[in-house]
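So the mapping is simple: this note's numbering equals the position in the sequence shown, first residue as 1, plus 83.
What the hints contain is simulated information worked out from the structure, not anything from laboratory work.
Cβ atoms here follow ideal geometry from the backbone N, Cα and C, with glycine treated the same way.
Among the hints, a few may not be true.
[Said to hold, decoys possible] With beta-carbon atoms standing in for the labels, derived distance ranges:
no.	residue 1	residue 2	range
1	P295	G326	23 to 33 Å
2	R356	S127	40 to 50 Å
3	E180	A465	40 to 50 Å
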Amino acid sequence: MSGLRRPLGLGAVLAIVLAALNLRPAVVAISPLLGEIRLDEGLSATAAGVLTTLPVLCFGLLAPVAPVLARRWGLERALFVSLVVLCVGFALRLVPETWGLFAGTVVAGCAIGLGNVLLPALIKRDFADRIGLMTGLYSMALSGGAALAAGLTLPVAAAAGLDWRGALATWGVLAVLGVLVWVPRALRPDPAGSTAFGAGAGAARSAVWRSPLAWAVTVVMGMQSLSFYAVNAWLPEIMVAQGWTPEAGGWLLALCNLAGILGSFVTPVLAGRMRRQRGIGVVLVVLVGTGLLGLALAPGAAALWVVLVGLGQGGGISLALTLMALRARDAAHTSELSGMAQSAGYLLAATGPLGLGLAHDATGAWTLPLLLLVAAAAVQGAAVWFAGRDAHVH
């Protein structure tokens, strides 16, 4: 059985949402604390860019590993293991040495890289007749986790008297909760992920890597992820440089991600009803580009600009995930297209946070970095125009 007719019910939906909530805080929580971390550890903007780039790089490197683990252990068990590894990453960040911060970030990034692939595959397997709704809920949870981390990290740290290491580790509580919820699901019999990653995978893999359409979807995924992680890495620092307090910078980042919740839910519902997704894709790119230009040229209206950026970025990740399902003919092609788009796409996206740090170190200002993100949005627009046509990878 597929869709909501499977005997999974509300518990399965809530478990997926909880797992998705865990896929962003480990990365986004760094951003409001980045100024304090740089001061405490003596990091340059470039070194801080490396720190914020590491998890995105891990996303790309671990994406091809996820299907292997799913076939061997089953989707539920592989996802459970990824949540356990995420807890280890949070624990490593408590080590009072610089290497602990970087090692914990790498471990957490590897865990999230697995979850990025496993959760959409689980949705495709169990909710095939509600793919738009479930993709929307999944994307909302991603944006919601990012918003919580952006807005609450500093206030929670201040209220509890925590240093930045303790503040980062507090999000491990959410990961532990995820582990507890997924224990019974990991113990159930599972078809070793065969429904999502089984027969036909070899032929599908060959098809997607040779398909211009698949590459267009990959560029859409890569450019929107580049923009998202660059903004989430540096927005509070950009705001502080423009005269805002660190707390205000964190709240602006939270506002950006809260706006992303709306964009991430509405977009897949609309896109799933369209034969062509070009129009909605271009609208999302224009929102992001306008917001970034506004931050560069008129930072006094930052609240407006971050809402536009958030709407466009939240809708962008939802659209990218939806395109992976809509542009594929069957589950095998969907899984392979998702693996390709997330692997190559996140490797492309990893250049974003580091690139902005390098550009800032080179110019001493944030205007050029923001304009580079506008250029990335333009590339995303060109790719979505091609990927949004009514066609399939074959």
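Results of checking the hints against the structure:
Restraint check, P295 to G326: a C-beta distance of roughly 46 Å breaks the suggested window 23 to 33 Å. Distance hint check for R356 and S127: the Cβ-Cβ separation is about 48 Å, which falls inside the suggested range of 40 to 50 Å. Separated by about 44 Å at the C-beta atoms, E180 and A465 satisfy the suggested range of 40 to 50 Å.
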